[in-house]
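Novice: Dock chain B against the given chain A, drawing on the hints supplied.
There are 2 protein chains.
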Amino acid sequence: MNRVVNGVVNEVAYRMITLTCLLLLSLTVNAECLVRGTGDLGIVVERAAGSLKVLDTTAHKVLFRVEGLGDLSHASAVYSRDGRYAYLFGRDGGLTKVDILCGNIVQRLVQGGNSIGGAISQDGKLVAVSNYDPGGVKIFRADDLSLVSDIPATPFTEDRRSKTVGLVDAPGNRFAVSLYDTEESWIIDMNDPANPEIQRFTDIGRLPYDALITPDGRYYITGLFGQDGLSLLDLWHPEKGPRTILENYGKGQEKLPVYKMPHLEGWAIAGNRAFLPAVGRHEVLVVRQGTWKILDQIPVHGQPVFVMARPDGRQIWVNFAFPNNDTIQVIDTETLEITKTLKPGGGTLHMEFTPRGEEVWISVRDKDEVQVYDTQNLELIHRLPADKPSGIFFSARAHHTGL
Amino acid sequence: MNRVVNGVVNEVAYRMITLTCLLLLSLTVNAECLVRGTGDLGIVVERAAGSLKVLDTTAHKVLFRVEGLGDLSHASAVYSRDGRYAYLFGRDGGLTKVDILCGNIVQRLVQGGNSIGGAISQDGKLVAVSNYDPGGVKIFRADDLSLVSDIPATPFTEDRRSKTVGLVDAPGNRFAVSLYDTEESWIIDMNDPANPEIQRFTDIGRLPYDALITPDGRYYITGLFGQDGLSLLDLWHPEKGPRTILENYGKGQEKLPVYKMPHLEGWAIAGNRAFLPAVGRHEVLVVRQGTWKILDQIPVHGQPVFVMARPDGRQIWVNFAFPNNDTIQVIDTETLEITKTLKPGGGTLHMEFTPRGEEVWISVRDKDEVQVYDTQNLELIHRLPADKPSGIFFSARAHHTGL
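Residue numbers (my numbering), protein chains in the order written: chain A, 19 to 421; chain B, 19 to 421.
Excised from the complex, chain A in its bound form (with noise of 0.2 Å):
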């Protein structure tokens, strides 16, 4: 009898620490997921793939691979405030959260019918996306991808809205955008989500196409595809409204063909210079950051896409469009000289500097590989398998303003 009284209490105590087993187990489910800092950490897109990696910049390595990410073609991607997620903007309409602490899609949505880009405010609390189709701004919570605000573009015809491009966050919690078919630039205060302040500039230049905010959040400046020149929105002073600069600036007289218009985030700011590129010139342009005027124009390997300042504002790297695409030279901000001209290889896209700028790393699409170089001595320190790679992301982009 003691035994059956034995038996029948371990029987008790058999489901009891069954029951605390499987407890436990649930716990260390989220050991799948890493315990680590996340400054370190980026994304590459693999763009023809619809998925991404994430990557290591310390240790040199892959983390995960994250697949069904949608259409990615010219895919961007911000980061959450504590650098956590990244928010990828595809060319789909698709806004996709990604933990890449675990590796895995948190949420993903189809927003619009033809996205091109985003940003996350000031406070990270709430992801923007502009849209070609139907054309507006879209702002959700980043927590959990709610809709907060639905912006409908301004009509250009009885059916149709107007593109809206170069969406970037700025300080105070505000947003700017640009419409491309109806040629104005927008500034939305967010201060009050449910009811944001929208403050209309019309009239602003032929075409705007893509934009950009300066890195300390002032000036909001948009290129145009319809004439020469930039518009220029202070937004310290918005109410002196957008003027035209650089009026030169574009395809002028010369009819070489125009490959690709370079993106204006691709534009560095360097002290207190602008480095840009050229419009179809084989050119980067050196222009005063206040007055912006053309200071020097840089001769270069083809059109330039690309043009990134080394973090301390002593190099510039330009990467450039078909059919020079395999090229990255290097200029000296000091002597405005090519110190070195590298050749990465075929569908050299993208390129990001570590936060302290000690490397820079770069996407090669027809080799399948991510290369870092060290950007003291310009050599070749590693390469990462990648299926396609274009953009790459890092997460310090969370501290930044326009990134």
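Derived by calculation from the structure, the hints in this document are not laboratory data.
Be careful, since some hints might not be right.
Intra- or inter-copy, both count: the list cannot distinguish identical chains.
Quick list of in silico lysine-lysine cross-link-like pairs, DSS-like style, CA-CA up to 27 Å [claimed, not checked]:
| id | residue 1 | residue 2 |
| --- | --- | --- |
| 1 | LYS385 | LYS258 |
| 2 | LYS311 | LYS115 |
| 3 | LYS79 | LYS143 |
| 4 | LYS115 | LYS79 |
| 5 | LYS79 | LYS258 |
| 6 | LYS115 | LYS143 |
| 7 | LYS406 | LYS258 |
| 8 | LYS258 | LYS358 |
| 9 | LYS258 | LYS143 |
None of these values were measured; they are calculated from a predicted model.
Specialist: The following block gives chain B in isolation, referenced to the frame of chain A:
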């Protein structure tokens, strides 16, 4: 017998399951650590208690309290490049590595008799500490705090070596430091950690007491206790050697008592202007970067200690030395007017901006609290309890030179 066998089987199962549970328990231990991004975290030093609190700047709450950090008067901290580890430099020569995701001390050593701050190398692999006694710089591996290099300072008597001050990191995996007693500045090149290359500059000026490096990592500027003016070294052109700038910067002819020599880390660089605390006088000086000429003198409430720029450069926040250390003043960088005078409370010792500048966190010693202000409307929005708080250091410093 069957029952007996059952009983025995259950006994065995019981033991096996118990072992499994212990195994699972050991796995769940790091569930005490947080799976989360580190980009929005920081620490506040509790000076008197020799402890710190880990801060969540998104939720505005304290995550952990970490004790046993020794003498934290004038303590400062730097971060690992992943943002997970804070390295604290204590006045007692203590170097402590704290894990802010787990809220514990990873490692602590007392590496010198009397220490005055440190820095982390651009690549994040080396942590350097400057010591008064014995005078010199010690350099440790960031991962395990093993000693890499012990660099004694220049002797100034038979048995005493100069104090080292103003240690900062510089691009190119270098450190810069100044020597108080022998009036030198050194550049320490750590590209080959086993064999530091040291460039020594002598006669830089009378009694250097502190230094700063500009955010771009180009200019190393040393404050002089023994004379007016500052010593400037252009790290892009060390061959030119140091030169004196701002010849009138210092106590000058006025005999105002200097309650506290201002921290040079307390300089703000906004655009191409530097805002710095006058010595002794109730003024903030505005200086053109590059020419280093004084453009303006802004009268303020007391002797400024920290003069800090909001990350977008639109505002300057200033705190003051005793007996005016209950006050903060906010200066508009366009008009140079004081837009607001705040009274956080006695012992308003330090400020730290969130990376994108929407908030500033302020230590108020005599109220045992950290106050959080909205930098747009300048309102107090949160209070967090802290025991005699002093320095506040956010993890975004991991991505900046000289912080």
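Novice: If a hint holds in the structure, say so; if it does not, say that too.
Specialist: Comparing the hints with the structure gives:
1. LYS385 to LYS258: neither (49 Å within a copy, 44 Å between copies)
2. LYS311 to LYS115: Classified as neither; 41 Å inside a copy, 49 Å across copies.
3. LYS79 to LYS143: between (31 Å within a copy, 17 Å between copies)
4. LYS115 to LYS79: Close inside one copy (22 Å) and across copies (25 Å); limit 27 Å.
5. LYS79 to LYS258: neither (49 Å within a copy, 41 Å between copies)
6. LYS115 to LYS143: within (13 Å within a copy, 32 Å between copies)
7. LYS406 to LYS258: This pair counts as neither: shortest intra-copy Cα distance 45 Å, inter-copy 47 Å.
8. LYS258 to LYS358: between (42 Å within a copy, 25 Å between copies)
9. LYS258 to LYS143: neither (29 Å within a copy, 49 Å between copies)
The structure fails hints 1, 2, 5, 7 and 9 (numbered hints given earlier, in ascending order).
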